[in-house]
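**Student:** Sequence:
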Amino acid sequence: MKREQFYPQPGEDFVSTGEIQRITERSVSYLESDFPVHFAGPTGTGKTTLAMHLASQFDQPAVLVHGDEELNTSDLTGKQNSYSKKKVVDNYIPSVLKTEERINKRWNARILTKACKKGQILIYDEFSRSRPEANNVLLSVLEEGILNLTTKNSNESYVEVHPGFKAIFTSNPSEYAGVYGTQDALLDRMITIDLRNYDLETETKITASKAKIPEEKAKKIVSLTRDLRKSSSSEDHQYTLRSSIKIGKAIKSIEADPTSGDSTFKDICIDVFSQPRKNGYREKRKQKILSKIEETL
Numbered sequence: 001m002k003r004e005q006f007y008p009q010p011g012e013d014f015v016s017t018g019e020i021q022r023i024t025e026r027s028v029s030y031l032e033s034d035f036p037v038h039f040a041g042p043t044g045t046g047k048t049t050l051a052m053h054l055a056s057q058f059d060q061p062a063v064l065v066h067g068d069e070e071l072n073t074s075d076l077t078g079k080q081n082s083y084s085k086k087k088v089v090d091n092y093i094p095s096v097l098k099t100e101e102r103i104n105k106r107w108n109a110r111i112l113t114k115a116c117k118k119g120q121i122l123i124y125d126e127f128s129r130s131r132p133e134a135n136n137v138l139l140s141v142l143e144e145g146i147l148n149l150t151t152k153n154s155n156e157s158y159v160e161v162h163p164g165f166k167a168i169f170t171s172n173p174s175e176y177a178g179v180y181g182t183q184d185a186l187l188d189r190m191i192t193i194d195l196r197n198y199d200l201e202t203e204t205k206i207t208a209s210k211a212k213i214p215e216e217k218a219k220k221i222v223s224l225t226r227d228l229r230k231s232s233s234s235e236d237h238q239y240t241l242r243s244s245i246k247i248g249k250a251i252k253s254i255e256a257d258p259t260s261g262d263s264t265f266k267d268i269c270i271d272v273f274s275q276p277r278k279n280g281y282r283e284k285r286k287q288k289i290l291s292k293i294e295e296t297l
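1 is the number of the first residue of the sequence shown in this note's numbering; add one for each residue after it.
Source of the hints: derived by calculation from the structure; they are not laboratory data.
These numbers come from a predicted model, not from an experiment.
Ideal Cβ positions, reconstructed from N, Cα and C, are used throughout, including at glycine.
Errors might be hidden in some of the hints.
[Claimed, not checked] Below, in silico cross-link-like pairs of lysine-lysine (PhoX-like), each with a Cα-Cα straight-line distance of 20 angstroms or less:
(1) K249 with K266
(2) K284 with K230
(3) K79 with K114
(4) K288 with K266
(5) K266 with K252
(6) K266 with K286
(7) K219 with K230
(8) K212 with K252
(9) K230 with K288
(10) K219 with K252
(11) K79 with K118
(12) K284 with K249
(13) K205 with K252
(14) K266 with K284
(15) K79 with K117
(16) K266 with K219
[Said to hold, decoys possible] With beta-carbon atoms standing in for the labels, derived distance ranges:
(17) P214 with H162: 43 to 49 angstroms
(18) G145 with S232: 40 to 46 angstroms
(19) E25 with K288: 37 to 43 angstroms
(20) T296 with T192: 30 to 36 angstroms
(21) I254 with V28: 37 to 43 angstroms
(22) D59 with D227: 41 to 47 angstroms
(23) G18 with T192: 20 to 26 angstroms
(24) D267 with T17: 26 to 32 angstroms
(25) H162 with P10: 20 to 26 angstroms
(26) Y7 with N108: 20 to 26 angstroms
Please build the complete structure, drawing on both the sequences and the hints.
**Tutor:** Here you go:
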């Protein structure tokens with residue numbers, strides 16, 4: 001669910017294009033204006049990578065939380081995790097026995113409380129995988145700058161949010177399995193940037209960098225992915241940037257070429273693009289992929 005604070009750094013293969021720079025510049029201005037940033041889009045569009053890159057623009061530590069169905073409010077704010085007991089026996093006067101016992105509850109602050117107190121950057125990855133009731137605690141943090149500690153075991157009832165605190169969220173579409181609908185009240189407190197599709201240049205450069213293949217080959221793979229995406233329904237999330245990267249890595253490893261005459265390349269595309277889904281129709285998808293390969297390449 002969490003990790004210790006760290007200073008985010010972009011990966012060695014991070015690619016910055018004109019589109020990425022524009023998104024980053026806007027997002028930095030939003031965070032500097034005390035607005036949380038929310039990157040929304042299908043899996044495989046680089047939301048987490050971009051969130052890390054955005055956090056790296058600030059010279060301050062960050063903490064990372066992964067959304068999870070089992071996550072609850074106390075996992076974010078803190079909980080009582082132990083007791084300490086102290087017993088004093090006074091027998092200075094032999095005929096008098098005096099004892100004193102003290103029991104203290106130990107409350108352990110968790111990642112959100114620490115981030116609010118210390119002015120860290122909260123990166124909440126796939127936050128909509130957590131139940132809405134667990135995320136309700138964020139409402140007052142983002143609106144009033146107050147973290148309410150509702151547990152009676154805390155030594156304080158609330159925490160004033162540090163002025164340096166920033167929050168970056170990522171989420172997948174609500175139709176994904178394991179994703180909960182986000183409260184409008186929470187979304188209203190964020191600025192959401194839709195990362196459904198990058199432009200051709202950005203997807204090509206990212207694929208080339210991640211797969212370590214020439215941009216010429218990466219562009220062919222990305223063009224095929226984008227053509228398939230355009231001809232598919234909005235609920236079909238097979239044709240993503242992540243799919244292009246998978247194919248790029250596979251052809252590099254097996255020394256295949258992204259051409260219509262390379263049977264190995266065709267097999268790789270079918271394997272990557274036609275992963276089983278609840279709605280089935282895998283065989284029909286294969287024919288569509290082969291047809292697009294001939295048409296595009």
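**Student:** Are the hints correct? Go through all of them and say.
**Tutor:** Hint by hint, here is what the structure shows:
no. : hint                               : verdict
1   : K249 with K266                     : holds, 14 angstroms
2   : K284 with K230                     : holds, 17 angstroms
3   : K79 with K114                      : holds, 13 angstroms
4   : K288 with K266                     : holds, 12 angstroms
5   : K266 with K252                     : holds, 14 angstroms
6   : K266 with K286                     : holds, 10 angstroms
7   : K219 with K230                     : holds, 16 angstroms
8   : K212 with K252                     : holds, 8 angstroms
9   : K230 with K288                     : holds, 13 angstroms
10  : K219 with K252                     : holds, 14 angstroms
11  : K79 with K118                      : holds, 18 angstroms
12  : K284 with K249                     : violated, 25 angstroms
13  : K205 with K252                     : holds, 16 angstroms
14  : K266 with K284                     : holds, 15 angstroms
15  : K79 with K117                      : holds, 16 angstroms
16  : K266 with K219                     : holds, 16 angstroms
17  : P214 with H162: 43 to 49 angstroms : holds, 47 angstroms
18  : G145 with S232: 40 to 46 angstroms : holds, 43 angstroms
19  : E25 with K288: 37 to 43 angstroms  : holds, 38 angstroms
20  : T296 with T192: 30 to 36 angstroms : holds, 32 angstroms
21  : I254 with V28: 37 to 43 angstroms  : holds, 41 angstroms
22  : D59 with D227: 41 to 47 angstroms  : holds, 42 angstroms
23  : G18 with T192: 20 to 26 angstroms  : holds, 21 angstroms
24  : D267 with T17: 26 to 32 angstroms  : holds, 31 angstroms
25  : H162 with P10: 20 to 26 angstroms  : holds, 25 angstroms
26  : Y7 with N108: 20 to 26 angstroms   : holds, 24 angstroms
When the structure is compared with the earlier hints, a violation turns up for hint 12 alone.
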